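Sequences and hints are given; from them, build the entire structure.
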Amino acid sequence: MELLFAIMVGTLYGCALYLLLRRSIVKLAIGLILLGNGANLLLFSSGGLVRGRPPLVPPDGTVVVPPAADPLPQALILTAIVISFGVLVFAVALIYRTHRALRTDDLDDLVATDRLGEVSEAAHRPIEPVAAGVDPRSDGR
Amino acid sequence: MLLSLATLAVLILLAPIAVPRLERRFGYLVALASAASFGCFGTRLPDLFRDGPYSESVPWLPTLGSELALRLDGLSALFALLVTGIGAVVALYTVGYLEDDPRLTRFWVAFLLFELAMLGLVLADDLLVLFVFWELTSVASFFLIGFAHDRPRVRANAQQALVVTGAGGLALLAGFLLLAQEAGPFRLSELSTTARLPVDTPLASAAFALVLLGAITKSAQVPFHFWLPNAMEAPTPVSAYLHSATMVKAGIYLLARLSPLFGSHPWWEPALVALGGTTAVVGALLAVTQRDLKRLLAYSTVAALGTLVLLLGLGAAAAKAFTLFLLAHALYKGGAFLLAGAIEHGTGQRALERLGQLWRHAPPLTASALLVVLAAAGLPPALGFVAKEAVLETGLRSTAPFVTVVLTGSFLGQTAVAWLLLRPFFARRTPEPSLEHPPHWTLLSGPAALGGAALVGGLVVSWIAPLVAAVANSVTGAAKSQVELALWHSVTPVLGMSVVILTAAALLAIAWPRCASLGDRLALTEPLPERPRGLGRLAPERGYRAGLEGVLRLASVQTRILQNGYLRLYITVIVGTAILLTAATVLRTRGPVASGLPTRTPVDLLDAILVLIIVVSGFVAVRASERLAAVAALGALGFSLALLYARYGAPDLAITQVLVDTLTVVLLVFAFYRLPRYARLSSTATRLRDAFVAAIFGGMMAGFTLLVFALEPPSRISTFFNEQAYPAAHGRNVVNTILVDFRALDTLGEITVLGLASIGVLTLLTYRRGERTR
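Residue numbers (numbering that gives the first Met the number 0), protein chains in the order written: chain A, 0 to 140; chain B, 0 to 773.
Derived by calculation from the structure, the hints in this document are not laboratory data.
Small disclaimer: the values here were computed from a predicted structure and weren't measured.
We put the beta carbon where it would ideally sit given N, CA and C, even for glycine.
Heads up, a few of these hints could be off.
Pairwise CB distance ranges (calculated) [what the hints assert, rightly or not]:
1. LEU12/B <-> ASP105/A: 16 to 24 Å
2. ASP108/A <-> PRO151/B: 30 to 38 Å
3. ASP108/A <-> VAL9/B: 34 to 42 Å
4. GLN723/B <-> ASP105/A: 51 to 59 Å
5. VAL752/B <-> ASP105/A: 26 to 34 Å
Coverage of chain B stretches by chain A, computed from C-beta distances (three or more under 8 Å per stretch; other residues unrestricted) [said to hold, decoys possible]:
6. 139-147
7. 320-326
8. 606-613
Following this line, the structure appears as structure tokens:
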């Protein structure tokens, strides 16, 4: 079973990386989800596999009776699942706004502001309408 | 000592509130505070002469073994008197010079910061404290030079001064650290008295070279002298204070302070004599060919600084001459700068050939000018005369004859500059430049005070003798010594040389128009242009410019390579680095992967089917050509994962995964409806390359997972939770107790992250202003 888990983790990471390397901005979001799942599974594996024995204190005792699944990775993953969901929602909202503003699905169209000394005209294209008579490239001085 | 520093610090904090109310009158306050400090240091002198050095300290950075330790000995006292005394005069002068400039607040903050830093620098007894103050003077100098920051030239020159002195400061820090490692304590007093540096180790030599580099950049020695004339863009009070009397002497101070330690180093004498001698001659030559009054004085200051370094290089025999010349130069050169500022303020003119006949218009200014010129030229009653005698005598006594030649040449240039200061007042000139308004009394008092002090210094030279002796003790490291000083020595060869220098310098000053046109022809009179010609082609400043351009070009090239704006390249670099490092580690250690595949848990058919669904869904999500297909695959993947979690003892995970996965699918279905359709944007080659990288990465992570399985699971932390969940947290679900009890703060952080994300989403979705109507 351990081998199968390893293959599963590797597949999820590989697929996620492939999607992250795509230029399409939507695929980036799907890649993020896969990456989150892969990371959670890796974390889960770090506690070892114990089938069918959750870490619960039995009603008649005060301590968990081993063998039981490791509670610590589970607690970590719980946090991770929720946070990656928050990140995903933010990313999707950001992608939505970017798409609405710039009308592009191609990440390569978004590089202009990142590059030194060769900022193209397009990067200065104002997103919001400019009042008449004001040069959009001037910064107010 | 601490009180003086504290007073200045309080004034700095007070300045932003007080200057707008008091306006120019704040200058009187600064002058008063400086004068009070001057008085304090002055009254300390008798105790100092009788009981020796005096220390104060406050703990600071105890882990580094560093304290805010201050120490007043002869050398510190001399510098502290100069800093506070000239500071008071210059502050008073500034009242009349800047008048009601709108940038007064900024000026006074920087000025006070400088005074504080300079005073701290000369009083510091701890290497690190000294370094901090050293850097502070560079920073304050940057703001003061860049005072008129709306002119590009001013900004460039301020930056140049900061880069040159700042780079020297870095060298100095490295030198100090080496020094502390080699010689032990951070205390200067211990370094120069008890600790003796083993002179022949490479570490000691490196420390010396680095400290020397720091000192000569600060004190504008050739080839780093160029920043000083360029710094003349500063307001004139700043030039007088920082760039002739105090800050440029910080390097001299440091060398003098460390001379007991480094003086026996075999490089000390050759390095200092060569650097100082070159600077003394080059500065003098450049000075007499200038047309601009302030640049003239700046180059003459360079020559004087070179003379001082040369004298330090000559060792203990020159200590008396060094002290006298240091004191005399600070007084008369400060006065000369203030005089130049008063002339410029009155006439709006700084070019020497356009000035003349001012004595008719401003008799009081002429009177103070005469004081300054007599002091600067070194005529008999002046302190400069005594100093010059002492320096020349030292030169004659030294074994190398060229020292005398160098000193004579340098004095010739410096004295000619002094005589040239008479030109604006007496040279015939048509049309006569007019004085726009009579100078404010504060403008007259500055040059008069400093020039007068330098002039009468020679008369009371016997009073100065104990101070000179104390300074000489600090420089040589001797315990106690006596110095006899007199104004008149009877007729000696040195007197003859003095007379010759005075006469020759006067002739040189009369022939100045020829010198200046020679300077024009060699392209020396103007600041270095973009395309240097004449001797400007040899200027060391070109090296500075080339270095600066090189750094900028390197920065932009490497930024363009590393910061290219393509997310996928960033990811490739990060992942590639991770893969390479992992591969290298695995190959080097041959980790437990080689010991066989772990098969602790038997394969279960249902689990295997779930794993298969997950793997297939992953590939479907990648290969899907429709957005909805990808979302459906993600849903299948998430629910299978939840089932797996449930079967492997994690019901809480399963519940959360189901909930979040449902929400994700719903979100994506809604959002993707508004997002663009899939497009195929990459070429097949790119896709194959990415697939290759992804496959390697996936393989690596699979191997990593196997490695994790092969390791013995770390049980200690979980054992604690398993045992304490019920007794301590009163919960039977261990995972829940961890989340809400043992690690509750983490959960709070998680909630915060979610809150922030929702604020961000809300902002993004409700931000309507940027919408374009289409």
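Verification of the supplied hints:
Checked against the hint of 16 to 24 Å, the pair LEU12/B and ASP105/A fails, with Cβ atoms roughly 54 Å apart. Restraint check, ASP108/A to PRO151/B: a C-beta distance of roughly 36 Å satisfies the suggested window 30 to 38 Å. Distance hint check for ASP108/A and VAL9/B: the Cβ-Cβ separation is about 57 Å, which falls outside the suggested range of 34 to 42 Å. As the Cβ distance of GLN723/B to ASP105/A is approximately 54 Å, the hint placing it in 51 to 59 Å holds.
Between VAL752/B and ASP105/A the Cβ separation comes to about 30 Å, which falls inside the hinted range of 26 to 34 Å. Counting residues of the region 139-147 of chain B whose CB falls under 8 Å from any CB of chain A gives 0; the rule of at least 3 is not met. As drawn, the region 320-326 of chain B meets chain A at 0 residues by the rule of a beta-carbon pair under 8 Å; below three, the given contact is violated. Check result for the region 606-613 of chain B against chain A: holds, 4 residues qualifying (beta carbon to beta carbon below 8 Å, three or more required).
Figure legend: structure checked against the earlier numbered hints; hints not met, in rising order: 1, 3, 6, 7.
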